[in-house]
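Colleague: Take a look at the letters that make up each chain.
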Amino acid sequence: MRDFISARTHRIPPSGIRRFFDIVQEMDDVISLGVGEPDYATPWVACEAGIASVEQGQTSYTSNRGLPELRTETSRYLAKRFGIQYHPEDEMLITTGASEALDIAIRAVTNRGDEILIADPSYVSYSPGVMLSDGVPVPVPCRMEDEFRLTPDALMEKITPKSKAVICNFPNNPTGGVMSREDYRGIADVICDHDLLLISDEIYTEMTYDGEMTSAVQAEGLQERTILINGFSKSYAMTGWRVAYLCAPKELCDAVLKIHQYVMLSAPTMSQYAAVGALKNADLDREEMVTEYQMRRNLFVRGLNRIGLTCHLPRGAFYAFPSIKDFGLSDVEFSERLLKEQHVAVVPGSVFGQSGEGHLRCAYAVSREDLREAVRRIEAFITSL
Amino acid sequence: MDAKDWLLLRILEEDSTQETSVVADLTDLSEAEVKDRVCVMENDRIIRGYCASVDWEKAGEGVAAATVNLKITPERDVGYDRIAERIARFPQVCSLRLISGEYDFELRVTGRNIQDITRFVSEQIAPMEQIRETATIIVMKTYKENGRILYDRKEGERLPFSF
Numbered sequence: 001m002r003d004f005i006s007a008r009t010h011r012i013p014p015s016g017i018r019r020f021f022d023i024v025q026e027m028d029d030v031i032s033l034g035v036g037e038p039d040y041a042t043p044w045v046a047c048e049a050g051i052a053s054v055e056q057g058q059t060s061y062t063s064n065r066g067l068p069e070l071r072t073e074t075s076r077y078l079a080k081r082f083g084i085q086y087h088p089e090d091e092m093l094i095t096t097g098a099s100e101a102l103d104i105a106i107r108a109v110t111n112r113g114d115e116i117l118i119a120d121p122s123y124v125s126y127s128p129g130v131m132l133s134d135g136v137p138v139p140v141p142c143r144m145e146d147e148f149r150l151t152p153d154a155l156m157e158k159i160t161p162k163s164k165a166v167i168c169n170f171p172n173n174p175t176g177g178v179m180s181r182e183d184y185r186g187i188a189d190v191i192c193d194h195d196l197l198l199i200s201d202e203i204y205t206e207m208t209y210d211g212e213m214t215s216a217v218q219a220e221g222l223q224e225r226t227i228l229i230n231g232f233s234k235s236y237a238m239t240g241w242r243v244a245y246l247c248a249p250k251e252l253c254d255a256v257l258k259i260h261q262y263v264m265l266s267a268p269t270m271s272q273y274a275a276v277g278a279l280k281n282a283d284l285d286r287e288e289m290v291t292e293y294q295m296r297r298n299l300f301v302r303g304l305n306r307i308g309l310t311c312h313l314p315r316g317a318f319y320a321f322p323s324i325k326d327f328g329l330s331d332v333e334f335s336e337r338l339l340k341e342q343h344v345a346v347v348p349g350s351v352f353g354q355s356g357e358g359h360l361r362c363a364y365a366v367s368r369e370d371l372r373e374a375v376r377r378i379e380a381f382i383t384s385l
Numbered sequence: 001m002d003a004k005d006w007l008l009l010r011i012l013e014e015d016s017t018q019e020t021s022v023v024a025d026l027t028d029l030s031e032a033e034v035k036d037r038v039c040v041m042e043n044d045r046i047i048r049g050y051c052a053s054v055d056w057e058k059a060g061e062g063v064a065a066a067t068v069n070l071k072i073t074p075e076r077d078v079g080y081d082r083i084a085e086r087i088a089r090f091p092q093v094c095s096l097r098l099i100s101g102e103y104d105f106e107l108r109v110t111g112r113n114i115q116d117i118t119r120f121v122s123e124q125i126a127p128m129e130q131i132r133e134t135a136t137i138i139v140m141k142t143y144k145e146n147g148r149i150l151y152d153r154k155e156g157e158r159l160p161f162s163f
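Residue numbers (my numbering), protein chains in the order written: chain A, 1 to 385; chain B, 1 to 163.
Here chain A stands alone, though its shape is the one from the complex (with noise of 0.2 Å):
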């Protein structure tokens, strides 16, 4: 039989985190610092509002764009928390979470060849969702000593003459970095210089301990080359969702939006319904994670730290990405023998991106108890090294 598989999709490599799945499955009391997502169930006001949009038969497709009350709501919410403006009605789209407005977006902008840059260590999707375009993905390396942002000089040492766009997450998965806007007016001269166009996921920006919550689009001249993309998996704890959005000129919100017809035709209504529902009433709940999360960061990166293992203050996202450098084990190993000896599960860095490598992901989107427990078996790991 012939090999049905295209080769762009042998092209991808497999997850990194696969074999762990497997470990995993044999074992009890594990602690898992390797989940990405919340801990929390969905504040009830937003889920009384996608019941009830189910109970009042809310249950069509809404329109490709998404329902206008929800992009009235979040064009108000950006207006307000960033002070950034987008209008409802041709430059804003509703997605079936933020994974597909990525791969929509990388699709709509990317030529065979075209070269992607890629702030890195990242999110695991974006390189494949760049090949499956085949673009050819740039990692853009940022460093421990930067605080994992990403830097003006480090993005101008890829440029290319294909270089086409940059894509970059901040806060930052796995790294917990944050950009000021200060940082980004540094990347936005070389943006623009060379005429560039950003993919900003902000998916966790609602996340931001130390200082001022930022958009790439706050910047000088980025917003007319940006297509942002946030949503409500992580601010409202809706992962299960599936709803966020992507925000653009009209000309890219208008070619975006002809491949989200095609694939997706809509975000689930009763997603969208319960979205308005945690846009307009849920600013408590979201308070609330994120006050608990900062305190759970406190904790652990000071038991990292204290135990000697080396981690900068992530001031975003629920992520420590502590280096393991000093133990003579790569981050794979050492995630494994973790696993299996003292039953911690972790994400080897190298999973993220070559920046990675020597270093562990750990969302600390789990239980007080649970973190002081990690890190007391974390100690007992490296003393027995």
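Hints in this document: simulated from the structure, not taken from any laboratory. Mixed in with the good hints, there may be bad ones.
Stated by the list, open to error - Simulated restraints on C-beta separations:
hint: 1; chain 1: A; residue 1: Ala79; chain 2: B; residue 2: Asn146; range: 34 to 42 Å
hint: 2; chain 1: A; residue 1: Ile259; chain 2: B; residue 2: Thr142; range: 51 to 59 Å
hint: 3; chain 1: B; residue 1: Ala88; chain 2: A; residue 2: Ala41; range: 33 to 41 Å
hint: 4; chain 1: A; residue 1: Arg306; chain 2: B; residue 2: Ser53; range: 25 to 33 Å
hint: 5; chain 1: B; residue 1: Asp2; chain 2: A; residue 2: Ala41; range: 27 to 35 Å
hint: 6; chain 1: B; residue 1: Ser100; chain 2: A; residue 2: Asp254; range: 51 to 59 Å
Claimed, not checked - Taking lysine-lysine and the BS3-like style, the derived pairs with C-alpha atoms no more than 30 Å apart in a straight line are:
hint: 7; chain 1: B; residue 1: Lys141; chain 2: B; residue 2: Lys58
hint: 8; chain 1: B; residue 1: Lys4; chain 2: B; residue 2: Lys144
hint: 9; chain 1: B; residue 1: Lys144; chain 2: A; residue 2: Lys280
hint: 10; chain 1: A; residue 1: Lys250; chain 2: A; residue 2: Lys162
hint: 11; chain 1: B; residue 1: Lys4; chain 2: A; residue 2: Lys80
hint: 12; chain 1: A; residue 1: Lys280; chain 2: B; residue 2: Lys4
hint: 13; chain 1: B; residue 1: Lys154; chain 2: A; residue 2: Lys280
hint: 14; chain 1: A; residue 1: Lys258; chain 2: A; residue 2: Lys164
hint: 15; chain 1: A; residue 1: Lys340; chain 2: B; residue 2: Lys154
hint: 16; chain 1: A; residue 1: Lys340; chain 2: A; residue 2: Lys325
hint: 17; chain 1: A; residue 1: Lys280; chain 2: A; residue 2: Lys250
hint: 18; chain 1: B; residue 1: Lys154; chain 2: B; residue 2: Lys141
hint: 19; chain 1: B; residue 1: Lys58; chain 2: B; residue 2: Lys144
hint: 20; chain 1: A; residue 1: Lys250; chain 2: A; residue 2: Lys80
hint: 21; chain 1: B; residue 1: Lys141; chain 2: B; residue 2: Lys71
Every residue, glycine too, gets a C-beta built ideally from N, C-alpha and C.
Could you slot chain B onto chain A? The hints should help.
Modeller: Frame of chain A, contents of chain B only:
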């Protein structure tokens, strides 16, 4: 009061038995700073005390509770304060609030059983001369108290790994 004090209050209100070292980690303060700040807030009576949140029903101790609403004739010069202080002295009164609407006071009253409560209301509270009317509402079951859910519920499950 600054953001760290707010955080301290939040942590202590949730569980005041946590070790100082843990509270220090959560707030990113030193243990000495935690102790100093808590001491200041205790002295300023921002922190009024520490207590356990008890599910008496589960403990097997018969406890009845009621909300008692009162209409009051306020007194010249002191308004509601003097009568409030008199009512607040009774140990059966767990909470006492001045409220808007049809009634003036809302009391939370407990006793060993409903008879205890009715006797207390009719013999101690109702006869006071400033009280014009009482309405006693018996609590039949408590589902949530002081922000804590008192029934068992299943938590959602997550995958052990996700990106």
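Colleague: Each hint needs a verdict: does it hold in this structure or not?
Modeller: Comparing the hints with the structure gives:
{"no.": "1", "hint": "A:Ala79 with B:Asn146: 34 to 42 Å", "verdict": "37 Å, holds"}
{"no.": "2", "hint": "A:Ile259 with B:Thr142: 51 to 59 Å", "verdict": "53 Å, holds"}
{"no.": "3", "hint": "B:Ala88 with A:Ala41: 33 to 41 Å", "verdict": "38 Å, holds"}
{"no.": "4", "hint": "A:Arg306 with B:Ser53: 25 to 33 Å", "verdict": "31 Å, holds"}
{"no.": "5", "hint": "B:Asp2 with A:Ala41: 27 to 35 Å", "verdict": "31 Å, holds"}
{"no.": "6", "hint": "B:Ser100 with A:Asp254: 51 to 59 Å", "verdict": "53 Å, holds"}
{"no.": "7", "hint": "B:Lys141 with B:Lys58", "verdict": "12 Å, holds"}
{"no.": "8", "hint": "B:Lys4 with B:Lys144", "verdict": "28 Å, holds"}
{"no.": "9", "hint": "B:Lys144 with A:Lys280", "verdict": "25 Å, holds"}
{"no.": "10", "hint": "A:Lys250 with A:Lys162", "verdict": "25 Å, holds"}
{"no.": "11", "hint": "B:Lys4 with A:Lys80", "verdict": "26 Å, holds"}
{"no.": "12", "hint": "A:Lys280 with B:Lys4", "verdict": "28 Å, holds"}
{"no.": "13", "hint": "B:Lys154 with A:Lys280", "verdict": "27 Å, holds"}
{"no.": "14", "hint": "A:Lys258 with A:Lys164", "verdict": "20 Å, holds"}
{"no.": "15", "hint": "A:Lys340 with B:Lys154", "verdict": "28 Å, holds"}
{"no.": "16", "hint": "A:Lys340 with A:Lys325", "verdict": "20 Å, holds"}
{"no.": "17", "hint": "A:Lys280 with A:Lys250", "verdict": "26 Å, holds"}
{"no.": "18", "hint": "B:Lys154 with B:Lys141", "verdict": "20 Å, holds"}
{"no.": "19", "hint": "B:Lys58 with B:Lys144", "verdict": "14 Å, holds"}
{"no.": "20", "hint": "A:Lys250 with A:Lys80", "verdict": "21 Å, holds"}
{"no.": "21", "hint": "B:Lys141 with B:Lys71", "verdict": "26 Å, holds"}
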